[in-house]
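**Q** Sequence:
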Amino acid sequence: MHNLVTINEAIKFTLLLSCLINILFLGMGSLFVARRGGLSYILHKLSFLTSERARLTAMYDNPFYQDKTSHFRALPKSESGIIFLGDSLTDLCEWAELLKNDLIKNRGICGDTTEGVLNRIDNIIEHQPKKLFILIGINDLNQGIQVLDIVENYHLILRKVKESLPNTQVFIQSVLPVNYQKFQRNDVNDKVVELNVRLRELTKEFSYQYIDLFSAFLDINKELNSQYTIDGVHLNGQGYLLWKKIIEKDVSGEI
Numbered sequence: 001m002h003n004l005v006t007i008n009e010a011i012k013f014t015l016l017l018s019c020l021i022n023i024l025f026l027g028m029g030s031l032f033v034a035r036r037g038g039l040s041y042i043l044h045k046l047s048f049l050t051s052e053r054a055r056l057t058a059m060y061d062n063p064f065y066q067d068k069t070s071h072f073r074a075l076p077k078s079e080s081g082i083i084f085l086g087d088s089l090t091d092l093c094e095w096a097e098l099l100k101n102d103l104i105k106n107r108g109i110c111g112d113t114t115e116g117v118l119n120r121i122d123n124i125i126e127h128q129p130k131k132l133f134i135l136i137g138i139n140d141l142n143q144g145i146q147v148l149d150i151v152e153n154y155h156l157i158l159r160k161v162k163e164s165l166p167n168t169q170v171f172i173q174s175v176l177p178v179n180y181q182k183f184q185r186n187d188v189n190d191k192v193v194e195l196n197v198r199l200r201e202l203t204k205e206f207s208y209q210y211i212d213l214f215s216a217f218l219d220i221n222k223e224l225n226s227q228y229t230i231d232g233v234h235l236n237g238q239g240y241l242l243w244k245k246i247i248e249k250d251v252s253g254e255i
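In UniProt numbering, the protein residues as written are 1 to 255.
Just so you know, the hints here were simulated from the structure itself, not pulled from any lab data. Heads up, a few of these hints could be off.
As the list claims (entries may be wrong) - For each label pair, taking beta carbons as the anchor points, the in silico distance ranges come out as:
1. K222 x R198: 10 to 20 angstroms
2. L218 x I23: 28 to 38 angstroms
3. L241 x D102: 29 to 39 angstroms
4. Q184 x K130: 37 to 47 angstroms
5. S78 x D187: 23 to 33 angstroms
6. I220 x K130: 20 to 30 angstroms
7. D187 x Q128: 34 to 44 angstroms
8. S252 x E126: 44 to 54 angstroms
9. Q128 x Q66: 16 to 26 angstroms
10. E152 x D67: 24 to 34 angstroms
11. L103 x P166: 16 to 26 angstroms
12. L103 x S207: 21 to 31 angstroms
What the hints assert, rightly or not - With a straight-line Cα cutoff of 25 angstroms, these simulated SDA-like cross-link-like pairs (lysine to any residue) come out:
13. K249 x N101
14. K105 x E115
15. K222 x E254
16. K222 x V188
17. K68 x I21
18. K68 x I23
19. K105 x K222
20. K191 x I220
21. K244 x N225
22. K68 x G237
23. K131 x I246
24. K162 x N142
25. K77 x L92
26. K204 x K68
27. K105 x G144
Even for Gly, the Cβ is constructed at its ideal location relative to N, Cα and C.
Model the full structure from these sequences, guided by the hints.
**A** Written as structure tokens, this is what we have:
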């Protein structure tokens, strides 16, 4: 009988402690929300999440993106290749011709983001490339995605690659600057610099190689040099020739 009373008291104490902890967390949560504007903060967050989901749906459900990913999935698998992975900066170049290397496969998609690459990295892994060149992130920044969120996506991408392709040589290429005169935005390059610092650190964490494209494309105003771009974001032929010069040794090196 004494043991039963003791057990009941222990249960009551546990329940009481659980309630107190829940009340404490509820109070802390309420204080957190109150300090950020109360109900208006919650509504703002809900609005952001709704608009973010709508943005992602519009991007990944559009016919171009779906066609592109479908084409990639349909292509035959082949090992010992070199894959270039990224957004329009990658997509808009004929890499195999530029670098005179038939092993190169272009897996860039115009408009893609780190989340998009994360969603399709399994298809890249299926090809078991010996070398993987990644450049992604400028579209994230242009869409207002925070640097830390971009880095988190990058981390998930690289972790998948590391676990599935431990012998693949991976090259993380820095995000390029934009030209404010042509692009009509003046708040991007500081974030590009911050992102590149994080990417360099991430590269070390995974024992991969970091390629600094950013510095080579800067002009005296620390923007994308106008001789390499027409619209301030994408590269012209001269821009790709410079890119080629920077990476060709890494591409042609032993696999």
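**Q** Would you mind marking each hint as holding or not holding in the structure?
**A** Hints and how they fare:
| no. | hint | in the structure |
| --- | --- | --- |
| 1 | K222 x R198: 10 to 20 angstroms | 19 angstroms, holds |
| 2 | L218 x I23: 28 to 38 angstroms | 55 angstroms, violated |
| 3 | L241 x D102: 29 to 39 angstroms | 20 angstroms, violated |
| 4 | Q184 x K130: 37 to 47 angstroms | 41 angstroms, holds |
| 5 | S78 x D187: 23 to 33 angstroms | 42 angstroms, violated |
| 6 | I220 x K130: 20 to 30 angstroms | 39 angstroms, violated |
| 7 | D187 x Q128: 34 to 44 angstroms | 40 angstroms, holds |
| 8 | S252 x E126: 44 to 54 angstroms | 25 angstroms, violated |
| 9 | Q128 x Q66: 16 to 26 angstroms | 25 angstroms, holds |
| 10 | E152 x D67: 24 to 34 angstroms | 28 angstroms, holds |
| 11 | L103 x P166: 16 to 26 angstroms | 20 angstroms, holds |
| 12 | L103 x S207: 21 to 31 angstroms | 23 angstroms, holds |
| 13 | K249 x N101 | 12 angstroms, holds |
| 14 | K105 x E115 | 21 angstroms, holds |
| 15 | K222 x E254 | 34 angstroms, violated |
| 16 | K222 x V188 | 12 angstroms, holds |
| 17 | K68 x I21 | 50 angstroms, violated |
| 18 | K68 x I23 | 50 angstroms, violated |
| 19 | K105 x K222 | 32 angstroms, violated |
| 20 | K191 x I220 | 18 angstroms, holds |
| 21 | K244 x N225 | 16 angstroms, holds |
| 22 | K68 x G237 | 23 angstroms, holds |
| 23 | K131 x I246 | 16 angstroms, holds |
| 24 | K162 x N142 | 28 angstroms, violated |
| 25 | K77 x L92 | 22 angstroms, holds |
| 26 | K204 x K68 | 32 angstroms, violated |
| 27 | K105 x G144 | 30 angstroms, violated |
Checked against the numbered hints given earlier, the structure breaks hints 2, 3, 5, 6, 8, 15, 17, 18, 19, 24, 26 and 27 and satisfies all the rest.
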